[in-house]
Structures are given as structure tokens and as C-alpha cells.
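*Asks:* Top to bottom, those sequences are chains A, B, C and D.
Per numbering that gives the first Met the number 0, residue 0 is the first one in the first sequence, and the count goes up by one each step.
Per numbering that gives the first Met the number 0, residue 0 is the first one in the second sequence, and the count goes up by one each step.
Per numbering that gives the first Met the number 0, residue 0 is the first one in the third sequence, and the count goes up by one each step.
Per numbering that gives the first Met the number 0, residue 0 is the first one in the fourth sequence, and the count goes up by one each step.
FYI, nobody ran anything at the bench for these hints, they're computed from the structure.
Treat the hints with care, as some may be off.
No copy is singled out in the list; a pair is fine if it fits within one copy or between any two copies.
[What the hints assert, rightly or not] Straight-line distance between alpha carbons at most 27 Å, and here's what the computed BS3-like set of lysine-lysine pairs gives:
no.	residue 1	residue 2
1	K21	K75
2	K227	K251
3	K313	K220
4	K97	K434
5	K76	K220
6	K313	K434
7	K102	K398
8	K434	K282
9	K75	K275
10	K63	K21
11	K59	K75
On a predicted model such as this, the values are computed, not experimentally measured, just so you know.
There are 4 protein chains.
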Amino acid sequence: MTEAVSESIHQSLISDFSEVRKATIELFRPLRVEDAVVQSDAFGSPANWHLAHVTWFFHKILEKYGSSQMLEDDAKKVGVSLSYLNSYYQRYGSILPKTERGKFPRPTVEQTLRYRSLIDTAVPAFLSQAITLTDEIRYDITLGIQHEMQHQELMIYDFQNYFQRFLDSEDNYKPVVARDPPIAQVNREKPTGTVRVPGGIYELGFSGTDFCYDNELPEHKVYLQPFKIDIAPVTNGDFIRFVEAGGYQDYKYWLSDGWDLAQEQQWKAPLYWEWKDDKWVKKDFRGLREIDLDEPVVNVSYYEADAYAHWAGKRLPTEPEWEKAASWNEEIQRKTLYPWGDQPPTVEHANLLESHIWRPARVGSYPKGKSHYGCHQMIGDAWEWTSSEYVLYPGFHSKFSEYTDKWAINQKVLRGGCFATPSMQIRNSYRNYFKPHERILFAGFRCVEDDPSRGLEE
Amino acid sequence: MTEAVSESIHQSLISDFSEVRKATIELFRPLRVEDAVVQSDAFGSPANWHLAHVTWFFHKILEKYGSSQMLEDDAKKVGVSLSYLNSYYQRYGSILPKTERGKFPRPTVEQTLRYRSLIDTAVPAFLSQAITLTDEIRYDITLGIQHEMQHQELMIYDFQNYFQRFLDSEDNYKPVVARDPPIAQVNREKPTGTVRVPGGIYELGFSGTDFCYDNELPEHKVYLQPFKIDIAPVTNGDFIRFVEAGGYQDYKYWLSDGWDLAQEQQWKAPLYWEWKDDKWVKKDFRGLREIDLDEPVVNVSYYEADAYAHWAGKRLPTEPEWEKAASWNEEIQRKTLYPWGDQPPTVEHANLLESHIWRPARVGSYPKGKSHYGCHQMIGDAWEWTSSEYVLYPGFHSKFSEYTDKWAINQKVLRGGCFATPSMQIRNSYRNYFKPHERILFAGFRCVEDDPSRGLEE
Amino acid sequence: MTEAVSESIHQSLISDFSEVRKATIELFRPLRVEDAVVQSDAFGSPANWHLAHVTWFFHKILEKYGSSQMLEDDAKKVGVSLSYLNSYYQRYGSILPKTERGKFPRPTVEQTLRYRSLIDTAVPAFLSQAITLTDEIRYDITLGIQHEMQHQELMIYDFQNYFQRFLDSEDNYKPVVARDPPIAQVNREKPTGTVRVPGGIYELGFSGTDFCYDNELPEHKVYLQPFKIDIAPVTNGDFIRFVEAGGYQDYKYWLSDGWDLAQEQQWKAPLYWEWKDDKWVKKDFRGLREIDLDEPVVNVSYYEADAYAHWAGKRLPTEPEWEKAASWNEEIQRKTLYPWGDQPPTVEHANLLESHIWRPARVGSYPKGKSHYGCHQMIGDAWEWTSSEYVLYPGFHSKFSEYTDKWAINQKVLRGGCFATPSMQIRNSYRNYFKPHERILFAGFRCVEDDPSRGLEE
Amino acid sequence: MTEAVSESIHQSLISDFSEVRKATIELFRPLRVEDAVVQSDAFGSPANWHLAHVTWFFHKILEKYGSSQMLEDDAKKVGVSLSYLNSYYQRYGSILPKTERGKFPRPTVEQTLRYRSLIDTAVPAFLSQAITLTDEIRYDITLGIQHEMQHQELMIYDFQNYFQRFLDSEDNYKPVVARDPPIAQVNREKPTGTVRVPGGIYELGFSGTDFCYDNELPEHKVYLQPFKIDIAPVTNGDFIRFVEAGGYQDYKYWLSDGWDLAQEQQWKAPLYWEWKDDKWVKKDFRGLREIDLDEPVVNVSYYEADAYAHWAGKRLPTEPEWEKAASWNEEIQRKTLYPWGDQPPTVEHANLLESHIWRPARVGSYPKGKSHYGCHQMIGDAWEWTSSEYVLYPGFHSKFSEYTDKWAINQKVLRGGCFATPSMQIRNSYRNYFKPHERILFAGFRCVEDDPSRGLEE
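The shape of chain A in the complex, shown without the other chains (with noise of 0.2 Å):
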């Protein structure tokens, strides 16, 4: 590597930190000290938690390279405790159970807030220092950047949670939490029908030379079965003639776990719908409104979709089906990052994407952005269920222990992004995951059929 190139990934390295970094105050700025040490849920975090836990991080990283001495006698001084700030880092010593982040709310949002500026200092100090900049300093900095945008996307779930529940008590509230808060979008063409996708090899996993998590490797074979697949997401529409046909109340559509939990919690409809003077309305950052018939819909759990395909005859996809409908390109015979190709996202390819790094999601431009085989919205306006669970890929070696290996159980992956996950988050291999029963992610989905008309193009 030349000084000169080097040189210029130290700078793209320190601007991308910063970019984000700026990022997750402009979504904080805004909250109350109030709002910032709720927890909504037990699924979500306090604002605040979320700030400092991605801030520790990066402390984490520089300790790892002995560069975090003159910075824990700075967090001294700030009056920052490190020990609750390890989450789920078990390795770290004893943790604060996740449910009990809403009773704890240290640091304050002021420590919270200092400490993090120490951290906005001291990353681009070492970076700057560093003689040779390592593959190992390069992926785990670029992995705190990932981190942190991740921990973007959760706060917007959270803020959507805790903030339409004010819709009832407070009249014409608008909850400001960011400049654009993210929506969803509609596809003004709106497409429907399917599109065939021929099976055999497959290579499945990230194929690219930039970052990737560790899950998304190794890019190894899989065969796939040739099937049809939506060229579309679910609309709100769609679903409500599921939710009309009485879906929610006929246990034939529905996976035993997914039937039981509705009964027990009196599902209707997807979460933040209601019922109201005739309509089905829901609260977002909009404020109260009518559903949108042509939206994606999202916040429904694994169990709402896979009911949903079965009433309409059809499946979920698998992970490796609804990657090479995403990625696939037979005319040059190779896989793309996106569904448009390799150009990493901008406005006109998808929803969300002015800044280089982030930015809450706006106009989109979809045509442009469908895949070879046509399937448009596949990357930035709703993570889309796949009935994969979430295991590793074999050969997986892990990079970052108790990040990666030990959520591979009871979860099913999500693949696409939707209209809150930050730009750089977003390609073809990214996995999401989460428990089949959660809804307060925006999903969505699209459905499935097996092709058994087609032969393999193989």
C-alpha cells in the first residue's frame, strides 16, 4: 500500500467516524432528559444507554490497542462508572439485566454526553497516531462504525414505541426526533405479480473486498430449488384482506407458537394499528393517521407473515432464495452488492441515502433500483422475513466473540434494510435476525412460491 493511499484511508476512516458520530446526536439532540433514560419496552433501551453503550465501544477497541489509559482517568473525572455500560459483553464482568436499563440511568445524559466527546477525541487521535494502519485496526474501527449505526436503528424502534403512545394523551403531539424522521414509502409504480428465479448453485454471503460482519462470511455453495418470488413487498393493503378475511382469527394459518401468542396477547393487526371510526389507522411519526394501502407493511412479527403467505397459498422465501433474487445477475454471470448492481446506494437507486453515510429515509426512485430479475424495494423499505433461522454459515470463523456466535438460536433472519437503517449498512449479504414473535422492527415481507415447471439453469 502506498503512504499516499494509506493516507487516505486514515482520512476516510476518521471522516466516516466522525459522519457518524454526528449522526446519533442528531437523532438524540432533540429528546428531553426525560425521554433519554426511558425504557419503553423490554425489548428496547433508553436513548441514553444507547449513546453510551456505542461510545463504549470504541473505548474497547482503544484498550485493545493500549490506547485507553489517559482516557479512563479522563471517564474518571467525568464521573463515568465503566462497570454498566457492558450490555450483554458478559466477558466483561457483571451485567445490568437488560430489563433493568430503565432503573439505572447512569451515566447521566450530561456524563453520557462528555464521555462521549472524549471518545470523539481520542478515536481520531489514535488513528492519526498509528504508524502502520492494520487490517485488524481498520475492520475493528470500521466495526465500531457499524456498531454504532446499528445502535442508530434500534433507538428510531424505540422512539417509535415510546413516543405514539403520548398520541392519547397529548392533542396534536408531534414527537420531534429528528428533522425527517424515517417512513415508509410508496412505490409509485406498483408493481405486482412474480418473477422466476431458476435454482442450482448458488453462491451464497458477501462477495465483496469492503467491510462485511463476520456472519455474512464464508461465501460458500447452497442449491436452491427454481421458485417464483413477489416482485414487491406485502402492501398494507394486501394485508388488510388478510386481516379482513379473518385471518387473525383462523388458527389453520397459523404456526402453533405464533397462534398461541396471539390468542394470549389479542392480535388483531399488526402493532400500532387501531381500529378507529370505521378505519384502520396507525400512529407514526406522522402523527395519528389512516393507513397507507400502498406502503409496505411492516412491524408485523415472523408469525403475522407466515400466516399471511400460507392464506394466500404461498411461503417465505429462504435466506439464500431471497438473496439471489436480490443479487443474481445472469448476463454477467456474477452477484451484485445491490439489487441495482455495485454503486453504493444514492438517492436515485433508493429511499434514504443524501448523506454519503446516513440519513432518515425520504424519496425514492424505484425502478431503477430493481434487481435483475426484477424485484423492486428489496434494500431500504422494510427488513423482509426469511424462514431461515439465523445460523452461522459453515466455516465461520468469528471475529468478534459474544458479538456474533451466540444469538445463533431461535431467530430467523431478515434480509433488505428498511427505511431507518442507515446507508452503509445496507447490501445483498447483510443478516438481520431477530425472534419470530418481535414487531416492533419494521418488517415486512415478501412471499414465495415453489416453480416446479422450470428446470434448473445449470
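Starting from the known structure of chain A, arrange chains B, C and D on it as the hints suggest.
*Replies:* Showing chains B, C and D alone in chain A's frame:
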């Protein structure tokens, strides 16, 4: 009533109101916003909630007298939605479940303080304008004052519960709760032994002319057997003997429900005690410190108090036994309002009271405060569990429905008042009540024995 | 005591023992083995467990007097391991949690019956051999007899709870529980209104010379205010008016704990009631049948009784109020053992009693059974909730520790006895007790009112 | 099909039916009625319920073919209400919650046996009358037979769970469950080490012509990476090394969900193990005995299996990896139905099988039973956890809805079959599935490793 007298009552009511409001703010002011909105235990409430709730209570009183109109307009300007202030008062509409108070920090601290200052102005204005200060108005306003003092004490329980947990993670942490946080006192005389109290008819209840709660009335006859009662409350030193004798491990001392709970929650000593470096230590407003053997034991449930009494071959007093031992003066053949007589408490008599209304506890001078029968520390050190279920007195008439009636089940009466109880709340006839499993309040106990050797003195 | 008297006491004790043992078997015999081992509710126990437990109780008595050696050898032959018979008597070693009784059917029914016949022989043999029948022996054996009768009644509660559920799935199902299963009775006089009872000192507790439980002693003075008490227990017809007035939907009648529970469990009427074809029906030993408006209401919790009383503008009686209304005879200036006088109950006086000891209920003749003050049906129709917590009387001395002491918490006293109570268990001073939420026992209530208009007659 | 062939199929179906029915009764007969109706664990069911349920299953098949009329009249005479036999088949009407099965012992044991004998007659009669034995009829009857064998195995799990608890209270207790109760076997060769299995395309699923479950179909291609697999399942001796190395105390080996559960339930070793007198002992059908180090470990959850694999630096096999290691024969270039070839199991090949259909396990002769790649004990010793979630194969078509579809969530596939699995249930392609926390089944595991050193042989 002459005009002058009425004028003076006006003034004294306004002055009491102002003083109690100031005291609440003194308790509240040292808090960070983060700490003000946390509900640290399902039993407790956020401090910010306490603050808004006691204010809303006055609001409702003004509403009753048609004087809340302007107030409500103002409240709206402040952004306060009244609907979530109702706490348990179901008659005012749908209520937020108590356990959710920590998840709904509205009004914000700032809104609460502004709302509070509206009431701070409105109540004196209402009293000044009232041409005739009816008994009902006086009672209601006084009730509001007393109610606020109750919540002051509950806030202190919450502070103890909440802040002690930081001692694990923050070195040298001193919770800044109030200038002089309330703590237990040592009786320098260290009295021991019992005194005899004769049986016969006794008139139970409030016999004074000033304010009392409706549940202290009507005064009515009960019949007592002769008994012997401990001169002093059980101390930490006494209680440690029970602990060391295996009292927490031997079911034979315990009520069945108590034993089950103690096993389930693995009780080994009073709440907040820990065994550390071969001694019992405790976290309180003084930090982490060794147990003082001469302080009255506190933070024990009824079950623990009862188990101790069984172990000691004694029993807990009934409510009338406790009151007679505190109140009856054989020489003057009548009850007194306080153990020491009818003068309101001052720093000479008990331990909390430099101010007219309320001050957190400091030095007392116990011997002067003892009762006619010779009992020390009956008021102002620790609430004392009695064996009487909290039921309403025969002939009871509710002055404020939903405030008194609905709680008369599954609770035990406590008498006396603790080092965190405002002085105006203290009198012999005051009836506090909690479920027998609660340990968060500063409750201890003293024991009694039957006295068959002695005839009835009547 | 002369030899003849002693002889006669011997004989009568043996004869009581035999009769009660026979009655238990009569209750048990119609059961299938399957039904004998099911624990239908966490509150109840399998019938087979009851059978073995009451037998073990006699076993322990013989052990106390050194007469169990041969018995234990025999028990071993029968294959009975005594360790799982201890039920709640913790002092006899580790116990099976009550809720597990249905998962551990040992001894088997056959073993139980064989074990039982060993005791059937051993107890009379022991009594015959005893040279002097000490008071302690008499008391202990009588306690065993009374204890077995308590369990007979509990078995009937369990049968009601268990068998009624089959009415859903088996047409024309008639549970064959006993030849004449106990059912509620109608008072043909249909008395209404209240009677006045004067206040003053009253001696509460058992004043007879025969057996009573230790918790009925010592007799001691209490002081009562004058009151008015309902002549008859609240009937189904009365209670339906409360139901139809929306009593279960309006929190204002309810104790807070009761309201929470009623909401959680969706109570709409007494236990076992159902709304079917536009009327209230109930399943009991007679099958599915329409509610008889003139029977006393039963299977209501304390909470429901208290809510009714609030709705009716009345209250529940205290324990001494109930007892005085049942016991005190102004003419002879003393208490009687039963409402009607001192003669033990026969079929003329109440409703259950053809046999000397026990029979399930049938026709009574109420007017003759009324108390001096004119109250009907105070004994033998329904247990009546009182507002008094179950605490031990002042001066109480336990005759059988772990049997009496440990339950004196969180329970309300019931007085009277129901149509399933063996006649020997019935007397004015008998203290039954249950948690306020229990609905499985045949408990109803009558109301009282304060009577300020009347002076104390003393 | 010629008449003779058809005749022979008739006869063989009837004979299989009779044999499996007889085997169930042999399992059931030693039970006392008391033991037959207990539901010892929420996971399990009463034996009497199993008996009635498998019978009802045939009843429904006859109903499908219009041959149940007489049967239903007869059932009524026997007193059997069919409504409570539906278990989880929601489509047949309201169902008794599984956890309540122990509280509703209907039909009684006697009714069950009479109902059973009605079916024992009706099914052969139906088959004899059927002019043409359609494939559908054959499939359905065979399904009923297989279904009954599944429940035989579940009954054995229940027996183990239920009877072992009596070893605490009954000296020298030997549960009389069957003449030769199933127990684990030792492989006398004690093989260790791994074998290599090449990667490439593999056809997963059932390739035979006889009966298989719908979830074993369709056979379809998958792609495997090369791997090394343990020759033998992990033994008790292996597992004790994990236990003694602190495996249950170190979170780093565990999946997050597994760790949480293990902490909550305080797992320290496999289910049924106890540490006693300085060694590990276990209660099984042989009584209380020391752990045999050479038996395969069983009664471990998926979580424990996975933790062991992590500790050993390996991983669990996927479902296709397991199947290929058991089925593929490179020499003949096709799969075999069993590890040893296509002949059905006999006592020579595995351990359970003296009878044509079913026998509890005894001596096996493992070396002859090994697979082409050299794996021992793949069938008939212990179910083996795989890392694959139970999902339906691509192209799956349900033959019996509600039977297969609804369970494909939150479960892991197990392969192989244990010493309590009927021999007709055993084949390489059989897919068993349980939730990862279940420990009651006789499940163990073997480990695999990636084999990057080896190329793909294809």
C-alpha cells in the same frame, strides 16, 4: 368565630400550605432529571410523579369549589395533560397502571414545576378570596397538606431504595437528597425491659380537636386484657441475635405466608443489610456503613417482626394496646395526643422537628419524650408494626371516598411514625398501614406479652 | 372420675372415632380411582390424599404415646412411605409442595385403604389398653376426629369443583359422590329485615366444657357498639340484584385488591354461575340447574361479599358481632352453644344431622333454629364471611403448634358452618378462616349496620 | 396390482396394526390406574391419554371413509365423550389445554380400554371390507400405526420422568413398566475419532418406496461443504469431562438463550443426574445407579449439546451432514435406508428389534451396524441433535394438515432414533424435532468439524 380568629386561621392555613410546598421542593431540588423520573421499585413512584400528583390533588380541591377554571387554561398552556395524574383515583377516569409510572414521564420535570407554581399561587388566592372559610374548606385544604406530607415520606423511601444501589458502582457516592437526610437515631439511655399496662375498657381513636384523618375516627370503646410492653423498640443488636440464632432458617418462628416469601426471596436479614467482611453492613443516606447495634431495627416486614416476636417468646401488640401504652395517662385519667403530653413535638421531645411542620430527623432527647407508662421512642424513630389488620373503626364515615375505604384489606396497621415522617403527621392516633410483606418503609416494632398475673384496673 | 364414667367416655370416644371414619369412607367409596387422585385446583387436594392424610394424623398421635411401633412395621408391609403424608407439617421433614399432590399418587388408593384399616384397628386398641384416659389423650383423639371431619368438608368442596366440569362434556352426568350429596336449602319462611343487637362488653369465645379448638379460647371480653344485623343470609335473589345493577362492573363498591382480582379473572357472578339462555344457571351436585332465588348465595369470595355490602349501604359483621347475634341470650343472661340453645343440633334445628356425627345436608326447620335476637340460619346453611382478620385471641395458648399459629395472617374469619359441614363441627364459637379471594368453599354472608340510635344496654 | 399382492398387503397391514396395538398395551398394562392418569410434566401426557388419543386417531380415519357410524354408537355406550380426545387438533373443535390433561381423567382407564377394543375390531373389519385398498387408505392406516408408535416412545419418556421420582421415597423401588424396559447400551468397541465426509451436491430426504412421513419429502438437492464427523456419539464419560471442566459455569460456551435458561433452572449436569457420595448417579429404569461412562449421553438439551461442542472446539452437524454420513454409500453411489444398508433393522444391526415392529431395547451389535463412512450407532442409541431448525423441505406437500405444518418453528431436527424408538420408526431420513430446551427425550449428539483440507469429491 370572630373575624380575627378567622383571619388567623386563614393565615395559618396559608402558611402551612406554603411551608409544606417548600419542603417538598427542598426534597426534590437536589435530584437530577434522570433520577426524578425513575421508578426504582414497583412499590414506589418516580419523584416527579409524586410532585405532580400532590399538586393535582390541590387542583381537584379547587375544582370542587369551582375555582379551577383559570387554572386549567393555564395548565394547558404549560402543556400538562391532567389525565395521567389520577394515580389510583379511578373515579377520575382511566388510570395509568402504577407499575407503568416509570415509563411515561409526563408531565416533564419542567412542566411539573410550572404546574406546581400555578397551584402555589392559586391555593392562597382561593383562601384569601373565600369570604367564609367553612369547616369543609379547611378540612379539604388541610387534607391536601397532609397528603403532600405523606408523599414526602414516600419519596424518602424511594430515595433510600433507589440511591443505595449506586453504592455498588460509584465509589464514595453520597446521594444528595436533602441537606440533612433522615437517618435512624440512637437512644442514649439504652432502656430495656417492659412496663405493665392494665386492661379494661379503652377509648380508641383521635380525641383532639384539630385535624385528623377520617380513619382515626370515631373514638370508640374497646376492651383490653392487661399486658406488658417493651420499653423500647427492638434494636439492630437485638435483631442480630435473632439472625445469628438461625431465625431466618427455622420455619417454626414464621407465619406460613411469611416463610414461603422469605424462602422465595431468600431473605437473610432486613432489607438493605449485607454480610461483608465478617460483619453486617448497610447502605443508607450515610453511605455504606457498619450496622449500629443501638439504632432501632427498620426495613423489616411484618413477617420478620412476627417471627422475631415468636422467637423471643412474645407477640406483637394490637393496635389498641399500642395506642393505650402511648396515650393513656392514669394520673390525669385521659389520653394525651403524644406520648409526652399534648404539646406538639419539638426538638426537645422527639427527633425531627426544628421547623413548625417538617424537617428530616436529627437529634432527639428521648427520656423527655417517653409515655406515661414509661415507653420510649414511641413516636418518630420507626413505624411499629401492630398485629391488627387495617379495618375501619365501627361507625366510620368516609370523608373522602376512594381515599380511605378501598385499602382496608390485607394490610397491617403501623403506629408511631419514623425518622422520615413529617412532624405534623405524628400523633398517637395516626394509623399507617402496609401489606405485611413490604420492607421498603422504615418500620420496626416492639413486642408485648400477656400479663395474666395482673388484674384489670377498673 | 368414676370408673363407670371413664368407661363410658372410652366407649363414646371409640364410637365417635368409628363413626367419623365410616363417614369418610362413605364419601370416598363412590369415586373411581382416576377421580380419587386428581387435584382439580391448586386450592384443593386429591381425595386419596385427604384419606391418607387424616389417617396419618392419628398415626402421629399414637406415635406420641409410644404406640405406633407395630403400626409402622405394618405400614411398611403395606408399602406406605410415610414421608409424603406430612402435608404442611414442616417439622416432620421435607414436604411435597401442595400444588404437587396431584402428581404423586402415593400411597395408591389400595395402599391408603389398607393403611387406613390398620389405623381403624390401632386407635380403638390403644384406647382400650390405656389404663387412664388422660385429658391429653382425650383431647388428641378428639382433635384427630375433628380434623378428619374438616377434611370431609374440604373433600366436598373439591368434589363440587371437580365434577361440575364434566357437565360440559358428559350429557346427563350426575356425579355419584354420596347417597345424598350436600346442597343448599331454602328457608320457607323467607324472613327479611334486620334485628337490633345492643352494644357493651361481650365475652367472646367458647364457653362450653366439651371439645373446642384452641383458637376458640380463651374466652375474653371485647366491647361492641350497638348494631343491626340481617335476619337472614343474603339469598341468590338478593345477589342477582347486585349483579344486575352492574355491581361487578363498578369499582366504587370494591376493595382495591378485590377489584384488581375480579378484573384479572373476569368475575361476573359467583363461582359456578353461568349466564345461559337468558338466565343464571349453576352446576352443582344436582346437575345443571337454574339458580334458586331463595337459597342463600354461596361460592362468593370475601371481596364479592364486601362489594355487595357496600352496594347495599351496609357492611359485613365483625367476628364478635356475629357471635353475639348468634349466642347471647338476654333472658338467661348468658351465651348458648348454638343459636337455638345448648342442645346439640338435630334435624329439627338445622339441616344436616340425622346421624350423631355427620350427614350431608337435607331438610332443616329454620324457625326453630333461630337465635335469641331472631336471626335465622346462622348455622348450617352457609359459612358467613366476617370482616375480622383471623388472629389468635389474647392469651391464646397453642395446643398443637404448626396447626393453629402459622395461619393467622391474611385470612378472614368465617362463622356458622355450611350445608356440607359435619354437625359435630358446628357451634357458635367455631372459627373458620380463608383468604379473602377464595371462592371454592360454600361461603355466603349477611350484612350489618351501625345502630347509633340505640344506647348501650349495659 | 394382482389380487394376491393386494391380499398380502391387506394382511400385512392388519398384522402390523395388531402388533402395534398389542405393544401399546404391553407398555400400559403394568401401570396402576393412579399412575396411568397422572401428567407428571407439562411436556408429557398421562398414559391413559396417550392410549385414548392414538385410538381416536384411527377413529377419525374410519370417519373419513364413512365407517365410523356404528363405532360412534358403541363409543357412546362405553361412555366415551369424543370431545376431549382432540388434543392439539384444533380443527375438531374446542380443545382441552395440554397442561390440563392430568386434571380431566376421561375417558376413564376402563372406558379407554373398552373404546380401544372397539377400534381393535373396527379397523381390521374396515380393511377386510374395503374392496380396493387405495393408496390413500393404506397411507392413512399406516400413518395411524406410525402415530401410535410415536406415542409409545413418548410414553416411555413420561415413565422415566414420572417413576424416577419415586426412588427418593420408596426403598428398592423398581418401576414395573415393561418386561424389558428400554435402557442405553454400551458400544463394546468404544470407537473414537472422526471420519471424513466429502462435500458436494447431496439429495436430502427419503428415497424409498415404503411409508415415510410427509416431512421426509420431497427428496431434493442440497450442497454440502466437506466435513469430519465423530465416529461415535458423545458418551457419559466425554460429557463428564465437560462438566468437570466447569462447562456449566462458563457462559462463553453457551448460546445466550441456553445460558439464561441454565442459570434460571440451575442446570449442573444432564437431566436425572445427581451428585451423590462423590460421584455422578442417575435414576432410570434400572433404579438408582452410578453413571456408566461408556453409554452415550442422553437427556441433554440442544443448548447443552451445543455448549459441549463449543467447549470441544467443534460444532453440531447440520441435518444434511448427519444424513449423508449415515446414508451415502460411495461404492454403490446411492443412499441406503439405514446406515448398514437397506435391510430393515434386526437384532444384529441395532439394539431394539427382536419383534418385527417394536421392542424395547437390549443388546445390539454395533460394528455391523456402522455406516459406509464408518460412523457407529447412528440409529437406535440416542436421538442426535442437529443444528438445523425444523423447516419443511422445498416443495413440501402436506398429507395431513395440522399434523406437520404447524410445528415447523422454534424446533431443532434430531436424527437417528433412541433405544426407546420402535424399530419401524427408524430410518436414516426420519425427522424428529423438539424445542432446544427440552431434556426429557433420550437425546444425545455427535460433533462435526469443517474439513477445509479436503476437496470436494464430486
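*Asks:* Kindly indicate which numbered hints from before are broken by the structure, ordering the numbers from low to high.
*Replies:* Numbers 5 and 7 - these are the hints that the structure violates, sorted from lowest upward.
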